[in-house]
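A.B. asks: From just these sequences and the hints, can you work out the full model?
Residue numbers (numbering that gives the first Met the number 0), protein chains in the order written: chain H, 0 to 328; chain W, 0 to 328.
There could be a bad hint or two in this list.
Rough simulated footprint, nothing fancy, chain H against chain W, three-plus residues with beta-carbon under 8 Å [claimed, not checked]:
#1 202 to 212
#2 233 to 239
#3 269 to 276
Simulated from the structure, these hints should not be mistaken for lab results.
C-beta: ideal position from N, C-alpha, C; glycine also.
Protein chains: 2
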Amino acid sequence: MKVVIIGCSGHYSYALEDIKNDRDASVAGIAPGSEGEDMSAVYQEVCNLGYTPRLFDDYISMLDEVKPDIAVINCFFGHHARVTMQVLKREIHAFVEKPVATTFEELEELKDSYSRSGAHLAAMFGIRYYPHFYTAWNMVRDGTVGQIRLMNAQKSYKLGRRNEFYKIRSTYGGTIPWVGSHAIDWLYWFSGEKFESVFASHSARYNRGHGELEVSALCHFTLSNQVFGSVSIDYLRPQKAPTHDDDRLRVVGTKGILEVRNGKVFLMNDEIDGIREIPLQSKRSMFLEFIEQVRGQGECLISAQDSFYVTEACLKARQSADEEKVILF
Amino acid sequence: MKVVIIGCSGHYSYALEDIKNDRDASVAGIAPGSEGEDMSAVYQEVCNLGYTPRLFDDYISMLDEVKPDIAVINCFFGHHARVTMQVLKREIHAFVEKPVATTFEELEELKDSYSRSGAHLAAMFGIRYYPHFYTAWNMVRDGTVGQIRLMNAQKSYKLGRRNEFYKIRSTYGGTIPWVGSHAIDWLYWFSGEKFESVFASHSARYNRGHGELEVSALCHFTLSNQVFGSVSIDYLRPQKAPTHDDDRLRVVGTKGILEVRNGKVFLMNDEIDGIREIPLQSKRSMFLEFIEQVRGQGECLISAQDSFYVTEACLKARQSADEEKVILF
Numbered sequence: 000m001k002v003v004i005i006g007c008s009g010h011y012s013y014a015l016e017d018i019k020n021d022r023d024a025s026v027a028g029i030a031p032g033s034e035g036e037d038m039s040a041v042y043q044e045v046c047n048l049g050y051t052p053r054l055f056d057d058y059i060s061m062l063d064e065v066k067p068d069i070a071v072i073n074c075f076f077g078h079h080a081r082v083t084m085q086v087l088k089r090e091i092h093a094f095v096e097k098p099v100a101t102t103f104e105e106l107e108e109l110k111d112s113y114s115r116s117g118a119h120l121a122a123m124f125g126i127r128y129y130p131h132f133y134t135a136w137n138m139v140r141d142g143t144v145g146q147i148r149l150m151n152a153q154k155s156y157k158l159g160r161r162n163e164f165y166k167i168r169s170t171y172g173g174t175i176p177w178v179g180s181h182a183i184d185w186l187y188w189f190s191g192e193k194f195e196s197v198f199a200s201h202s203a204r205y206n207r208g209h210g211e212l213e214v215s216a217l218c219h220f221t222l223s224n225q226v227f228g229s230v231s232i233d234y235l236r237p238q239k240a241p242t243h244d245d246d247r248l249r250v251v252g253t254k255g256i257l258e259v260r261n262g263k264v265f266l267m268n269d270e271i272d273g274i275r276e277i278p279l280q281s282k283r284s285m286f287l288e289f290i291e292q293v294r295g296q297g298e299c300l301i302s303a304q305d306s307f308y309v310t311e312a313c314l315k316a317r318q319s320a321d322e323e324k325v326i327l328f
Numbered sequence: 000m001k002v003v004i005i006g007c008s009g010h011y012s013y014a015l016e017d018i019k020n021d022r023d024a025s026v027a028g029i030a031p032g033s034e035g036e037d038m039s040a041v042y043q044e045v046c047n048l049g050y051t052p053r054l055f056d057d058y059i060s061m062l063d064e065v066k067p068d069i070a071v072i073n074c075f076f077g078h079h080a081r082v083t084m085q086v087l088k089r090e091i092h093a094f095v096e097k098p099v100a101t102t103f104e105e106l107e108e109l110k111d112s113y114s115r116s117g118a119h120l121a122a123m124f125g126i127r128y129y130p131h132f133y134t135a136w137n138m139v140r141d142g143t144v145g146q147i148r149l150m151n152a153q154k155s156y157k158l159g160r161r162n163e164f165y166k167i168r169s170t171y172g173g174t175i176p177w178v179g180s181h182a183i184d185w186l187y188w189f190s191g192e193k194f195e196s197v198f199a200s201h202s203a204r205y206n207r208g209h210g211e212l213e214v215s216a217l218c219h220f221t222l223s224n225q226v227f228g229s230v231s232i233d234y235l236r237p238q239k240a241p242t243h244d245d246d247r248l249r250v251v252g253t254k255g256i257l258e259v260r261n262g263k264v265f266l267m268n269d270e271i272d273g274i275r276e277i278p279l280q281s282k283r284s285m286f287l288e289f290i291e292q293v294r295g296q297g298e299c300l301i302s303a304q305d306s307f308y309v310t311e312a313c314l315k316a317r318q319s320a321d322e323e324k325v326i327l328f
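C.D. replies: Shown next, in the form of structure tokens:
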């Protein structure tokens, strides 16, 4: 099972953390996916894991020469789609950073490319695999909150100093698709409902010299069965805050309310006195499950359809914020 | 300082809790404000405080015979405006349950009535006076979070069994104006910004036999200076939850993030390591400050303009939810 890494601008570490636990998989090649990506740190990390990857300047040459089974794609976010299409048309499986596309046109092209390919694709919605979110999702699936009626999701990050490509919409894609995509995914993944409309807002004010990068955003989704979901997004978490991020999800159902906060899960429902902290289930490995699926031995939590659908929702939310109007699905 | 109480469907207790601390004020009369209100419990409470109020069937007769200085108005929510107009045109000061009107027409009539009257009016936005909210508001005013960029407000209540008038829009007014008005007020009060647009949704599904009463709602406000605010509202808090309500506010600014939760205030900012719980300021008394203002000896935290403006915002949010479109201010 030969794996190559294209780019170093996203979460390639999801793959590196897991691959060492698979005896039959190895990193065979590394190349930038966007002009200007410096691959030397990734190269060193991969060597440190005991692999001897070839380093390429051009990912197309790498794909054609190495002929990998799997490509891990995480270049500038605005280039995910075009790189992934090159991967899929060679029947190479694509483990790709989210959002999988940053324009509607590229998303459609990518979907076409996927449907013509026999390869598998999954977006790196890695938070689905975090024990607190996975445990919460299982609680909801088990009916502990009844029918979901309302969801409040939060992503809050420290800004720090971001790479230059974050400052330009065409390479960054926007804060709703980049940071918000996780939370938009939770709304869909937890509820199992379909998106019906979105109204969103975003602002690049007070972004400390980060060009077009939006540092505050808010989305309001309506889903099927009159389920509603808010997504609050910011890069305004103070530098001295205890963690980089503050991910939260509150799920309000007909029988209970479940919250993910501070890496923990809290439940109130009709059968519990007060608020109960739920023990976390053990960690599952996203990239190992992706490899298993490629081998035909299972399914990872993220389907290609999910990856496309959530990306579409992100782009519609961004469109709503740009145009200040409700966008229907 | 003669006070009368009209109706018993809202927070008349705000007045009763405070009035005993004013030696020169007394409850002189009691009457229903909506047909069917049973005033016997209020009457007993007032007598227990040592007052000897007259009990009327008709609040108009009471106003004309008792000639009070202040009327406390809390009948069915759909009748607040018409009762308050009767009060104001007699130059009687109005301490009125929020929302002060439940239709745009009545709100305009009420504003006219107020502007022609010399009397004072304040809506019972009593949560402004809760120590945790008042402390948080002062922290924000003192600049601890810098410029506000994003706010997330939450109201979550137990439903229980509500009075019949909650089940009909014309007497209840809707869940966004009734429950949500507090949270909508926080967005305005904390930020000092003007509302520019609202998109909202609400649903009466799973309301356990409560007619038209909405049990879930979500509002997305845009305010001046690209400030955004979400308001999540539900009546789905489980019966066994530790408290009746779960009021929350998160204020994200350019220098810090402040949260009100569980009756406490938490602050992170550029000068604090980690998260700091802020000691609460001592309680101020809404109705006593209202009486002081009537005497010309101060100002309560809630102006008539605030009362009208927040009511307008509630009605526009309800309209947005009814019509499923963005409403501009």
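A.B. asks: Now, for every hint given, state plainly whether the structure supports it.
C.D. replies: Going down the list of hints, with the structure as the test:
no.	hint	in the structure
1	202 to 212	holds (count 3)
2	233 to 239	holds (count 6)
3	269 to 276	holds (count 6)
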